[in-house]
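> These are the residues of each chain, in order.
2 protein chains.
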Amino acid sequence: MPPRLYIALLHYPVYDRQGRVVTTAVTNLDIHDISRSSRTYGAERFYIVTPLEQQKALVGKILRHWQEGPGALFNPSRREAFGLAEVKGSLEEVLADISEKDGCRARIIVTGAKFSTGVIGFEELRRRMASDGGSYLLLFGTGSGLAAEVTDRADFVLEPLGQAGGYNHLSVRSAVAVVLDRLRHERF
Amino acid sequence: MPPRLYIALLHYPVYDRQGRVVTTAVTNLDIHDISRSSRTYGAERFYIVTPLEQQKALVGKILRHWQEGPGALFNPSRREAFGLAEVKGSLEEVLADISEKDGCRARIIVTGAKFSTGVIGFEELRRRMASDGGSYLLLFGTGSGLAAEVTDRADFVLEPLGQAGGYNHLSVRSAVAVVLDRLRHERF
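If you read the sequences in order, they're chains F and A.
The first sequence begins at 51 in this note's numbering and counts up one residue at a time.
The second sequence begins at 51 in this note's numbering and counts up one residue at a time.
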């Protein structure tokens with residue numbers, strides 16, 4: 051069975067620019083862009099993660115607009131992409147959802163621009179995924195990146211995009227697309 | 051001298067969903083994301099192209115906010131990225147600007163999700179750029195893609211991202227990041 055890849059965009063717990071752990075607000079275009087990238091590169095699901103009930107309700111409303119509301123008629127390819135998107139309250143809920151679908155615990159891959167030691171390269175991760183199979187959850191942070199309580203749980207820490215020591219400030223929307231392209235292009 | 055890469059995002063002439071040639075509105079997040087990707091991957095300039103005076107004024111205001119206004123103090127890395135961004139009224143103005151800087155005409159590379167024949171692959175284009183040197187202008191369309199009057203002028207038509215026949219509806223923000231990653235990663 052080929053490896054199954056899941057994406058989660060976390061709005062908590064993430065750092066702000068001062069290094070405090072915060073909850074960020076959901077950005078509408080993140081949902082659009084990452085849904086479209088997830089669908090293009092064959093991800094199984096795209097989870098938007100926020101603990102705030104009001105934000106969960108807002109995301110649910112946006113998703114329904116494109117999944118079954120006026121947006122679905124207006125733009126069928128957008129409907130197809132949004133079919134992968136789902137809102138969850140926490141990383142625990144995401145892991146439980148994958149376990150229920152696949153019958154196994156997903157291995158956690160964390161991403162970020164600042165990691166330097168103990169990272170796995172893209173080629174090696176592709177090889178591991180192809181040889182080991184199973185379920186993989188790619189975690190992306192908003193704000194200034196995933197908090198330590200999340201990155202501490204990683205099975206794999208993915209090498210940063212861009213050049214070591216160079217400018218490396220892609221948007222999370224761009225980073226998701228590039229990571230998926232490197233992991234999945236000519237693979238699925 | 052290594053090849054010099056320029057990016058232009060065209061808001062005219064592009065197709066709408068019915069295949070009519072239109073002018074699209076500028077999207078704020080396009081400016082942010084593509085500036086950041088351009089800077090990360092070492093592009094020389096990022097041109098935002100629109101013939102509408104009001105839109106040019108709006109873009110100029112956004113650029114100045116991040117280049118020298120309050121945004122520049124708030125976020126220095128954003129200032130650095132926006133330093134590459136510039137608004138122009140037409141593709142002609144972009145080509146003239148590059149000619150003036152580099153003393154040679156830029157070769158035009160057009161991108162799009164629908165091309166199938168006469169395309170150049172990413173590896174071949176990388177090789178050509180490395181061996182021939184000179185200036186290259188990557189054109190991206192908004193709306194439903196670049197109009198024929200632009201694609202007819204291509205020196206190179208780049209192969210589409212994604213799988214042939216598969217779902218291929220990345221946002222232009224995502225597409226720019228992936229194209230730059232494939233053309234420039236481990237290159238600069």
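Just so you know, not all the hints are guaranteed correct.
To be verified - Computed far set for chain A versus chain F, every beta-carbon distance over 12 angstroms:
1) V71
2) G92
3) E103
4) V137
5) G139
What the hints assert, rightly or not - Looking from chain F toward chain A, a few residues come up when the C-beta cut is under 7 angstroms (computed):
6) Q68
7) T73
8) T74
9) N78
10) L79
11) D83
12) R86
13) T90
14) E94
15) R129
16) S181
17) Y217
18) L220
19) S224
Calculated directly from the structure, the hints in this document are not laboratory data.
A virtual CB, placed ideally from N, CA and C, is assigned to each residue, including glycine.
> Next step is simple, just say for each hint if it's right about the structure.
We went through each hint and held it up to the structure:
1. No beta-carbon of chain F comes within 12 angstroms of the beta-carbon of V71/A; the shortest separation is about 20 angstroms.
2. Remark: the non-interface label on G92/A conflicts with the geometry, its nearest Cβ contact in chain F lying 8 angstroms away (cut-off 12 angstroms).
3. Chain F leaves E103/A outside its interface by the beta-carbon criterion, the shortest separation being 26 angstroms against a cut-off of 12 angstroms.
4. At roughly 20 angstroms from the closest C-beta of chain F, the C-beta of V137/A stays outside 12 angstroms, upholding its exclusion from the interface.
5. Residue-level check passed: G139/A sits 26 angstroms from the nearest beta carbon of chain F, beyond 12 angstroms.
6. The beta carbon of Q68/F is not positioned within 7 angstroms of any beta carbon in chain A (closest approach about 13 angstroms), and the interface hint is therefore violated.
7. For T73/F, the shortest C-beta to C-beta distance to chain A is roughly 20 angstroms, which exceeds 7 angstroms, and the interface hint is violated.
8. The criterion of a C-beta within 7 angstroms of any C-beta in chain A is not met by T74/F, whose closest approach is roughly 15 angstroms, and the hint is violated.
9. A cut of 7 angstroms between beta carbons decides the hint on N78/F: the least distance to chain A is about 10 angstroms, and the hint is violated.
10. Taking 7 angstroms as the C-beta cut-off, the interface hint given for L79/F holds, the closest approach to chain A being about 5 angstroms.
11. A cut of 7 angstroms between beta carbons decides the hint on D83/F: the least distance to chain A is about 4 angstroms, and the hint holds.
12. This hint holds: R86/F has a C-beta 5 angstroms from the nearest C-beta of chain A, less than the 7 angstroms allowed.
13. The criterion of a C-beta within 7 angstroms of any C-beta in chain A is met by T90/F, whose closest approach is roughly 5 angstroms, and the hint holds.
14. The criterion of a C-beta within 7 angstroms of any C-beta in chain A is not met by E94/F, whose closest approach is roughly 14 angstroms, and the hint is violated.
15. At its closest, the beta carbon of R129/F sits 11 angstroms from a beta carbon of chain A; the interface hint therefore is violated under the 7 angstroms criterion.
16. Checking S181/F against chain A by beta carbon gives a least distance of about 22 angstroms; that is not within 7 angstroms, so the hint is violated.
17. Checking Y217/F against chain A by beta carbon gives a least distance of about 5 angstroms; that is within 7 angstroms, so the hint holds.
18. Taken as an interface hint, L220/F checks out: its beta carbon lies about 6 angstroms from the nearest beta carbon of chain A, inside 7 angstroms.
19. A least Cβ separation of about 4 angstroms between S224/F and chain A falls short of the 7 angstroms threshold, and the interface hint therefore holds.
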